[in-house]
Every structure is written in structure tokens, then in C-alpha cells.
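**Student:** Last residue of the sequence shown? That's 279 in the UniProt record's numbering, and every number before it is there in order.
Treat the hints with care, since some could be wrong.
Mimicking BS3-like on lysine-lysine, the simulated pairs with C-alpha atoms at most 25 Å apart in a straight line are [claimed, not checked]:
| no. | residue 1 | residue 2 |
| --- | --- | --- |
| 1 | K255 | K145 |
| 2 | K145 | K236 |
| 3 | K163 | K145 |
| 4 | K171 | K255 |
Hints in this document: simulated from the structure, not taken from any laboratory.
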Amino acid sequence: MTSERISQFRNGRYTFDVIDSGPLDGTPVVLLHGFPQRAAAWNTVASHLHERGLRTYAPDQRGYSPGARPRTRWGYRASQLRNDILALISDIGGPVHLVGHDWGSTVGWAVSAHSPQLVSTYTAVSVGHPAAFLRSMLSSNQLLKSYYMALFQLPVVPELVLKQKSPVAAKGLRNAGMTQEMVETYRSDILDYGALTGGIGWYRGLLFPPIGDIGGKVSVPTTMVWSDDDVALGRKGIDLTERYVTGPYELDVYKDHTHWLLDEAPERLAASIAKRIGV
1 MTSERISQFR NGRYTFDVID SGPLDGTPVV LLHGFPQRAA AWNTVASHLH
51 ERGLRTYAPD QRGYSPGARP RTRWGYRASQ LRNDILALIS DIGGPVHLVG
101 HDWGSTVGWA VSAHSPQLVS TYTAVSVGHP AAFLRSMLSS NQLLKSYYMA
151 LFQLPVVPEL VLKQKSPVAA KGLRNAGMTQ EMVETYRSDI LDYGALTGGI
201 GWYRGLLFPP IGDIGGKVSV PTTMVWSDDD VALGRKGIDL TERYVTGPYE
251 LDVYKDHTHW LLDEAPERLA ASIAKRIGV
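My request is simple: use the sequences and hints to build the entire structure.
**Tutor:** Written out as C-alpha cells, the structure reads:
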């Protein structure tokens with residue numbers, strides 16, 4: 001593992017920013033954020049992991065880092081999102097313990113299925129295995145919960161709806177469980193930072209899903225963390241996830257919590273991650 005801090009890494013022509021913190025000689029843990037948040041959303045969770053001797057790497061992913069904002073849908077296809085994290089793991093010197101929330105969880109599943117030799121353990125937060133998620137759309141109300149994914153395929157309109165002063169955006173985020181403070185962070189870290197179109201690009205890239213990145217089973221030891229007040233992700237896809245993990249598996253359900261576990265339950269989430277890692 002590298003003994004120097006990593007503030008950036010590259011994948012092809014794109015440059016990504018990274019928050020590298022914790023003890024330099026600590027066991028490496030890669031933390032992947034979701035939408036609409038950036039790497040700093042992990043800060044409180046990371047501080048608890050540092051207390052356990054773990055070193056954390058939280059990248060601003062594709063579309064969020066200023067040096068990695070493709071302009072087309074093609075630039076956000078699943079294989080590219082996966083390869084970005086493989087490039088980071090290569091710089092770290094891998095293997096690593098991997099953790100993902102929301103969209104970061106989807107990337108984590110893809111990395112774990114594609115390159116299990118580089119992933120010591122995987123902790124998925126909120127979003128189950130992609131194949132389980134797709135199956136849940138056919139056997140539950142998940143399709144209704146995911147209506148916004150279709151809306152995000154439209155050009156320009158989502159950006160107008162989610163713009164700085166839009167009451168629709170603020171109401172939607174609050175209904176999803178965000179506090180007013182979190183909404184203000186969204187405005188500064190996503191809107192003011194110019195990351196909104198890039199973040200929506202992940203949804204638009206769903207038109208290009210390589211089969212291997214969706215259906216691959218995961219052999220690494222895995223924990224699935226889900227909260228029962230998550231308005232976007234229902235239980236069915238979570239229950240189906242175990243079918244796609246061939247290694248040791250545990251489901252950890254947080255009662256009376258929303259989708260935003262990094263903000264609502266950082267100490268407990270750090271404990272779940274540490275338990276899977278074994279520290």
C-alpha cells in the first residue's frame with residue numbers, strides 16, 4: 001500500500017479527486033458516494049473508521065470531479081464507472097475493503113463481481129445487487145418507486161427541476177428524508193460545484209448496461225445494509241440480493257431510518273463496515 005497521500009488519480013484522460021484520510025499504515029477502505037452527494041458525505045463515517053485503524057479513500061466519482069465530467073450518456077456507462085474505481089485501487093496497491101452507498105453501491109457490486117481478487121470485503125448500503133433490483137421491478141412496487149429514473153432520461157428538464165431555487169427539488173429531497181441542512185449541502189456541493197448534470201449522467205448511462213456488470217455474482221464476503229424507511233429502495237430487491245452472493249453474506253436492517261444513513265447513523269454504519277472487515 002502507498003505510504004503517501006493520494007489526492008487525485010487518473011483513468012484515461014479523466015482526473016478524479018480523492019479524500020485520503022486516516023492512519024497512513026491503516027488497512028485501506030474505499031468509500032463510494034451516491035446521488036446527489038459527493039465524497040465528503042463519508043467524512044463522519046470515515047472518522048469512526050479511522051479510530052479502528054482503517055485508512056479511507058473517498059473519491060469524487062465520474063461526473064462529480066471537475067476533471068472527469070463526460071458530456072455524453074456514453075461516458076457514464078457501467079463499465080466506465082467500474083473501471084474508474086479499479087484505477088483507484090491500482091494506485092492504492094490493492095486489494096481493498098469496498099463500501100458503496102446508493103449509486104456507489106451499484107458500482108461496488110460491479111467491481112466486486114468483476115475483480116474479486118481486488119476486493120477483500122464488500123459492504124453495500126441501501127442498494128442491493130443490480131440483478132436483484134431488476135427482478136424486484138417485476139415482483140414488487142419497485143418500478144413505481146423508481147419512476148424518477150425515467151424522468152432523468154429527458155434532456156435539460158431534470159436540471160431545470162433540480163436547479164438552485166427550485167421548490168420542487170427541495171420538497172422532493174425533504175420527502176426523501178433529507179434535513180434542511182442536507183438540502184443546503186446539496187445546493188453547495190452539487191449545484192454550485194457544477195456536478196448536477198454529471199450526477200444525472202449516471203441515470204442516463206443506464207441505456208448502456210453491459211450484461212456482465214449487471215448479472216455477475218459476487219464471491220467476496222458481503223454485508224447488505226438497508227433502512228426500512230427508504231422511500232426509493234423497497235425490501236424485495238434487498239431480499240433477492242442474497243441469491244447473487246456466493247460468499248459469506250449478512251443482511252443488516254436499520255429500523256426507522258431513511259435512505260441517508262451516512263448522515264443519520266454514521267457511527268452505527270461504521271460499526272457495520274468494521275464488523276464485515278473484522279476489526
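**Student:** Looking back at the numbered hints, which does the structure fail to meet, lowest number first?
**Tutor:** none
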